[in-house]
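Chain by chain, the residues run as shown.
There are 4 protein chains.
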Amino acid sequence: MPFDESASRRRFLGTLGLGGLLTAWKPHAQAPAQPPAPAAAPATPWWPSRWGQGDQAGASNWITPDKVLDAAKLIRDGKIYRLGRTYEAGMPLFGTRTFSVTIPGGPTGGPFGSNKLVYHDEFVAGQLGQVGTQFDGFGHIGIQRGRDGDRNEMRYYNGFTEQEIASSEGLLKLGIEQVKPIVTRGHLVDVAGLKGRTLTAGEEITVADIRAALSRQGLREADIREGDAILFHTGWGQLWMKDNAKYSASEPGIGLEVARWVAERGLCLTGADSWSVEVVPNPDPSLAYPVHAELLTKHGIFNHENLIFDALLAERKYQFMYVFVPVPIKGATGSPGCPIAIT
Amino acid sequence: MPFDESASRRRFLGTLGLGGLLTAWKPHAQAPAQPPAPAAAPATPWWPSRWGQGDQAGASNWITPDKVLDAAKLIRDGKIYRLGRTYEAGMPLFGTRTFSVTIPGGPTGGPFGSNKLVYHDEFVAGQLGQVGTQFDGFGHIGIQRGRDGDRNEMRYYNGFTEQEIASSEGLLKLGIEQVKPIVTRGHLVDVAGLKGRTLTAGEEITVADIRAALSRQGLREADIREGDAILFHTGWGQLWMKDNAKYSASEPGIGLEVARWVAERGLCLTGADSWSVEVVPNPDPSLAYPVHAELLTKHGIFNHENLIFDALLAERKYQFMYVFVPVPIKGATGSPGCPIAIT
Amino acid sequence: MPFDESASRRRFLGTLGLGGLLTAWKPHAQAPAQPPAPAAAPATPWWPSRWGQGDQAGASNWITPDKVLDAAKLIRDGKIYRLGRTYEAGMPLFGTRTFSVTIPGGPTGGPFGSNKLVYHDEFVAGQLGQVGTQFDGFGHIGIQRGRDGDRNEMRYYNGFTEQEIASSEGLLKLGIEQVKPIVTRGHLVDVAGLKGRTLTAGEEITVADIRAALSRQGLREADIREGDAILFHTGWGQLWMKDNAKYSASEPGIGLEVARWVAERGLCLTGADSWSVEVVPNPDPSLAYPVHAELLTKHGIFNHENLIFDALLAERKYQFMYVFVPVPIKGATGSPGCPIAIT
Amino acid sequence: MPFDESASRRRFLGTLGLGGLLTAWKPHAQAPAQPPAPAAAPATPWWPSRWGQGDQAGASNWITPDKVLDAAKLIRDGKIYRLGRTYEAGMPLFGTRTFSVTIPGGPTGGPFGSNKLVYHDEFVAGQLGQVGTQFDGFGHIGIQRGRDGDRNEMRYYNGFTEQEIASSEGLLKLGIEQVKPIVTRGHLVDVAGLKGRTLTAGEEITVADIRAALSRQGLREADIREGDAILFHTGWGQLWMKDNAKYSASEPGIGLEVARWVAERGLCLTGADSWSVEVVPNPDPSLAYPVHAELLTKHGIFNHENLIFDALLAERKYQFMYVFVPVPIKGATGSPGCPIAIT
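Protein chains in written order, with our numbering: chain R, 1 to 343; chain X, 1 to 343; chain W, 1 to 343; chain L, 1 to 343.
Everything labelled a hint here was simulated from the structure, so no lab data went into it. Heads up, a few of these hints could be off.
The list makes no distinction among identical chains, and a pair is therefore deemed to hold if it is satisfied within one copy or across any two copies.
To be verified - Calculated pairs, DSS-like style, for lysine-lysine (alpha carbon to alpha carbon, straight line, at most 30 Å): (1) LYS317 - LYS330; (2) LYS195 - LYS246; (3) LYS73 - LYS242; (4) LYS195 - LYS173; (5) LYS180 - LYS195.
Pulled out of the complex, with its shape left as it was, chain R reads as follows (with noise of 0.2 Å):
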């Protein structure tokens, strides 16, 4: 039996937001009749990376000074563009996960020496690196292969095995602080300006959609060159904090065939105003978020959720330096952030 309808992964399902979807996913009911697409099948080995045996930075590998200096020409007017949302009480939070911040005191202590200084700090609490915007590390996606529940047989990006890299305190290896800085030529594709209209949940962005999107914006496929960083407005993010729960269940987003050609093209990162970049449900409802496995585990690229476009798209600004940082971590799945874009 293929799926388990167990409270695991009733809550995973939560924790993406699929709490509704669950019917949508039972492969008898849906799926098609033909044995599934080998695409989704984990059947052959996806190492060792491009990028070497051990390599845990994946297509960060691709930011090299030249790629820097190459960016930097796309800086023009000189301004900034923040494209991460503020963490904050009420924002859409996927299943169980929690974000606190609390203030110890008021203040947090003080008045200390003949200045009386006095001063506050925060506690934070909760999934950050996976709340809110996030980019996703290599440790965040895996495939069970074998048998369920061996952890010598769940495998990451360039190979690792769970046994190899689980650990109670933070990944012993793919942790995000093997990342490198990405800053690199960031491209954002309109797809909500093609069709005039905010995309609908469990629509697919194609590649054919991708290159209409370019031409209307003046921009060519090669364009987007080996390293580079895309990112798809989908109009989804209207609904942030508007309405979460209709946020949460679903989305618009690419699928296998955009990931292909991402995969194909060697970029490094991709990101969406939604919170998994990936169209949900997958029109194949047997997959389980199947491109996260495709960029993350399969060809080490990176994917970036729940950002914001309004300013670049108010300003018609499709081409910019793309600056991300990931929060050094150690062992963590991702990072929080606020991504720029400079032109």
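Starting from the structure of chain R, add chains X, W and L where the hints point.
Leaving out everything else, chains X, W and L in the frame of chain R:
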């Protein structure tokens, strides 16, 4: 009695690594017989700020498009230097601050779907924003005027009072999310290089030191312009995770003379390879962190602590584009994250 | 203007489930034209307490050996009834409080040794002590006298001030560790049984109700002695995890009349199957949780919230040994844990 | 190779205070040349338990009405003794465990209403349930059978597997909420009193010691009945917050001989004034916490750590009603809280 040897005060001193310096803090034992320097007295209101009443962004207002273009001129070879430390178990934690990362489950969930996806999250808890490499915001430091305990007379940057900003779940004003991305010209002043040794505990960096160090590095004081960032290499960072107790107990750093020079020049940010940038204990032992108050509270100038300059120093890179975007946690007093220098 | 519609106030109201009652709280709209009852005015000092200046144990001082022996006489058939709720995801959480349990790793560590031992820990984060079944201590509730924001005039049980007790890492005075173990005679007053229905939102339990309920249960008012615990069954607990929004928005409960009756009788503790025991909103909408202040702050009497009485009621057990030992977290304002009734 | 000197193992050893004992743990250096004692080999299934397949309450099943009535006979003078430690900064924390209490705001909120109510909450974060005085549940300890990393062969009490119970947000089975309130006959065995000295690190308490101590106390072995609790005074607790490093590095305690005696007598719980109750290091250095596995995993008997007996000893009280109700945090592996003895 200007000093209250309360548990609260001892905790704060411990928090900032001063546990062992209590005696040094007793003014009757060590302070000069003269009255305290008026500089430390918070008698004169320091508000409104140069950026106007109500401003919460302080010196990040210097980061204009012109400043960004100016900083971009410092990008020459495309190299990126990480100036932040990894957040990890075993790093120095002042006083009773804690930092904990746990990986829920192993894996956190899965396998799901016919593609048997598994995933990890992380759970972070602690004074994040005020541990490890940290960027101090304006809610971190204030001054008690009037009667101790009167929140209407605890004043922060631009005159905001504790009563106005205090909230148990993130400050209502002066939160770190108000700070604009820092993309500016950065200058590294190698004071340890000038002196040919690691500076010692309690050793104050003077303006003359800065001038001599700049000269040794082939730079002029006039190269340091309004809105720029200035970083001090003291060598103290060599103790990081080598001798945490010594690292945290005291440190060399800048005093009020340099703080006023920084304020007069209208800089954006100070930073150092130490835990508070300023000299501890202060030569006037009656003062508690007067540089913090001078820069953050009175002049709206930021402070970046626990940096690392080894790679820059090895290649004698003293000027660069300095990039740091605070993690916009609403109402936080500071930010974690890894600033970078691009050359 | 007696009311400040600040974010802080809205958060508190939300915290205590009053998000939907903001309009009801506007005194000009609904309060009686008469001046507020002097009972609510904090003009008269309520200290020192009957247990002497400096006492921090309050009504737990009633728990003497004689009281324990008296309570032990109520043990007749040896049955134990758990009166506490399970702490779990999905339980009602007031306002922005959070509660999170994670299991680090799966397992947390191992195998170790030739015996191949593995182990799990848990990581708990949240307002534990003030979520789920909770025992309110004296640091939880106080009264601002004098000017708002003056911590020297915020007063707690026995006159302690905010300035004396406040600390960012646990209160310096009145922490829950000061409370002695509660082993006393307990009485369950089945008000819902008396009325033949669940009490309604905002319905106040009166002293007459108590007398009638006791009579119906075959008990006399005189059976309730100094130092005893009194618990109220309202039926409101049926909403727990069934309709959390309704559960938290308001509730039936005791008002100032019963609070004074409790204080005059010198009881040790009140409790109920509701989230604050007291009627919300109060019939005088200008008052914020006056019963909490009357009992905890002015009389040193404890309050136990979110209890469950189903098993006791099913067997018509109304008197028992009541046992609760606060988890002695230094400086905490309350305690989690499961009180029991032994019959 | 039976030992993996991995970071994970070192962390665990550190967690349990064994950081300094790594060499003692190397079997080739110190273990006897003979094969490991069969006692340690987990070859034989230990399930189903005496309480039947699927049981999760273990020895708390002994707590029947008859047992409660029997225990109540030990209440003679009505005195209550707290046997738990205060949870506070500075208490011993094994390995990388953390414990943090913050008071959000000062106060957390207010003033509200015409009565000007203010309030405090607390925010707790850490391995609560496995720090300070702690009651170990059955999810805490298991045994890896089969291949390392195969969660289907990590077995817990009553044969439950890691694959069945593991969940990132609280165990799915064997959570502490399954444990019934402990109200039973308790016996304190004063081994330190017998020997006239504090026991030494690595000193094993024998069955002969127990018999001699009971005799010295005027008790007979037959007084210790099925379902009773047995507590051992070693004197080790004198180091608590006096010399935390020594306290945690090793300890005297019971070994497999006493564990089997406890299991044969069908007791409910063991406890001691030490951090694991069992002797550390074990006389057979190849074994990792074999007493934990023997009692918790194989026999469903609970373990209570970091207790304090000073007041009982001062009054030579050796028998009492032992009362402890675990804080019912769903899926937790243990519980904080303060057990009491009533005499």
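Checklist line | Intra- versus inter-subunit Cα pairing at 30 Å for LYS180 with LYS195 | finding: Classified as neither: same-chain Cα gap 35 Å, cross-chain 33 Å, threshold 30 Å.
Checklist line | Alpha-carbon proximity between LYS195 and LYS173, which holds within one copy, between copies, both or neither at 30 Å | finding: neither (42 Å within a copy, 40 Å between copies)
Note to self: Treating 30 Å as the Cα threshold, decide for LYS317 and LYS330: within, between, both or neither.
What the structure shows: Intra 35 Å, inter 27 Å, cutoff 30 Å: inter-copy only.
Margin query: At most 30 Å between CA atoms: does that hold for LYS195 and LYS246 within a copy, between copies, both, or neither?
Written below: Classified as within: same-chain Cα gap 21 Å, cross-chain 42 Å, threshold 30 Å.
Margin query: My question is about LYS73 and LYS242: at a cut-off of 30 Å on alpha-carbon distance, are they close within one copy, between copies, both, or neither?
Written below: neither (37 Å within a copy, 42 Å between copies)
In this structure, the hints that do not hold are numbers 3, 4 and 5, in rising order.
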